[in-house]
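Protein chains in written order, with this note's numbering: chain C, 24 to 172; chain Y, 24 to 172; chain B, 24 to 172.
Each statement offered as a hint is correct.
Same chains, same names: a pair is fine if it fits in one copy or spans any two.
Each computed SDA-like pair below joins lysine to any residue, with the alpha-carbon atoms no more than 25 Å apart:
(1) Lys136 x Glu81
(2) Lys55 x Ser123
(3) Lys167 x Asp26
(4) Lys136 x Ala43
(5) Lys167 x Trp139
(6) Lys167 x Ala147
(7) Lys136 x Tyr114
(8) Lys136 x Gln115
(9) Lys55 x Lys136
(10) Lys122 x Ser57
(11) Lys136 x Tyr82
(12) Lys55 x Leu40
(13) Lys122 x Thr64
(14) Lys167 x Ala101
(15) Lys55 x Phe133
If you're looking for bench data, these hints aren't it; they were derived computationally from the structure.
For clarity, every value in this text was computed on a predicted model and none was experimentally measured.
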Amino acid sequence: MHDQMVFVAAVTVLGVLEQAYFSLQVIYARRKYSVSPPCITGPPEFERVFRAQANCSEYFPIFIAILWVSGLYFNQAAASLCGLLYLYGRYQYFRGYSKSAQGRLAPLYFSAKMLWVLIGLSSAGVINYMCQLYLEVDFLRYLKQLIGL
Amino acid sequence: MHDQMVFVAAVTVLGVLEQAYFSLQVIYARRKYSVSPPCITGPPEFERVFRAQANCSEYFPIFIAILWVSGLYFNQAAASLCGLLYLYGRYQYFRGYSKSAQGRLAPLYFSAKMLWVLIGLSSAGVINYMCQLYLEVDFLRYLKQLIGL
Amino acid sequence: MHDQMVFVAAVTVLGVLEQAYFSLQVIYARRKYSVSPPCITGPPEFERVFRAQANCSEYFPIFIAILWVSGLYFNQAAASLCGLLYLYGRYQYFRGYSKSAQGRLAPLYFSAKMLWVLIGLSSAGVINYMCQLYLEVDFLRYLKQLIGL
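Make a model of the complete structure from these sequences and hints.
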């Protein structure tokens, strides 16, 4: 399992570093706009940074769960690549949202698309694995043979 | 490990799909009640949907962590079954909370109970595994023999 | 993998129990200060408890992800120890924040430090593993030999 998941583990560490970066930005925004904890309301500039980080945090566990299931049951390389693109989309989302509510939309749609790709990969992987285990059919191998991989 | 966890992985994918469904409901509620991001306050109808999704998101990582530990150290079938019941309870909770603050209570207690069962299973599994490893005693096997499994 | 991760799994179960404890404290605070859901604003005493739990929940998935990667790719004992210290720091943070906004700072810095140690361990573990796999160099073993382990 270790060999098979090392790139997924690397993407996980990168994701954690990204979340740490977002959290630091909220701390800087709290200082800049003088919003002391536990208060979470303030000027729109602060609220946008706060909500951007809250939204990324909310999706983080969903991302990690689906990333690992994709890596375990579909394919490590595909899962890691989608994971990297998702993290890139989230970075653009955070920067965009910090500037304006409008600026969050394009990267939000992009990172949502990456999540859907990961959901697709993991569903395909899990269903195929069950078919292999109980029906002794391996659709993914047929597909790979078909496209000559 | 793959064979042993495929149902837990399937429940994980279902859980991610459920969270995606809840997130879409918040987007619809934002449009319906004209609450633009980053604002998170509005009419009680909106705030209930928003809080229902926030509460489910908050418990999602706890659920996934305990589900996988139960599957790995106790038993895949028991973990997956409790996981499915938990997700069903969360769906009822979301629907109930969307209608009234009162409507969230019964399914909330049900899904909390399922979480406690998973905490119990994973604690039993981890403690038994440690006893096996260091004391060479396997309580769970004795128990299974006792009830004739 | 089971033997290698049993202490990490035990720390995970402890972390889930800690989150359950924090959630119960929010329910008690809601009753004490008469703040009914979906409302999340109220007297500062309530808001501090609410924010303390929200902050711990936000970091929980980050903590679990980095704990498991550290355990899988660096070393179980080191990961579990840092994990225990992190959970202890979070408990102190919750108690401190419940009393005053100032009281959250020292344990917050402590638990943040533990997270950074875990990020360091997992990065070292993953990079070393990749070097082993593709460059056939094992830095961590050299280091262990150097310090006579």
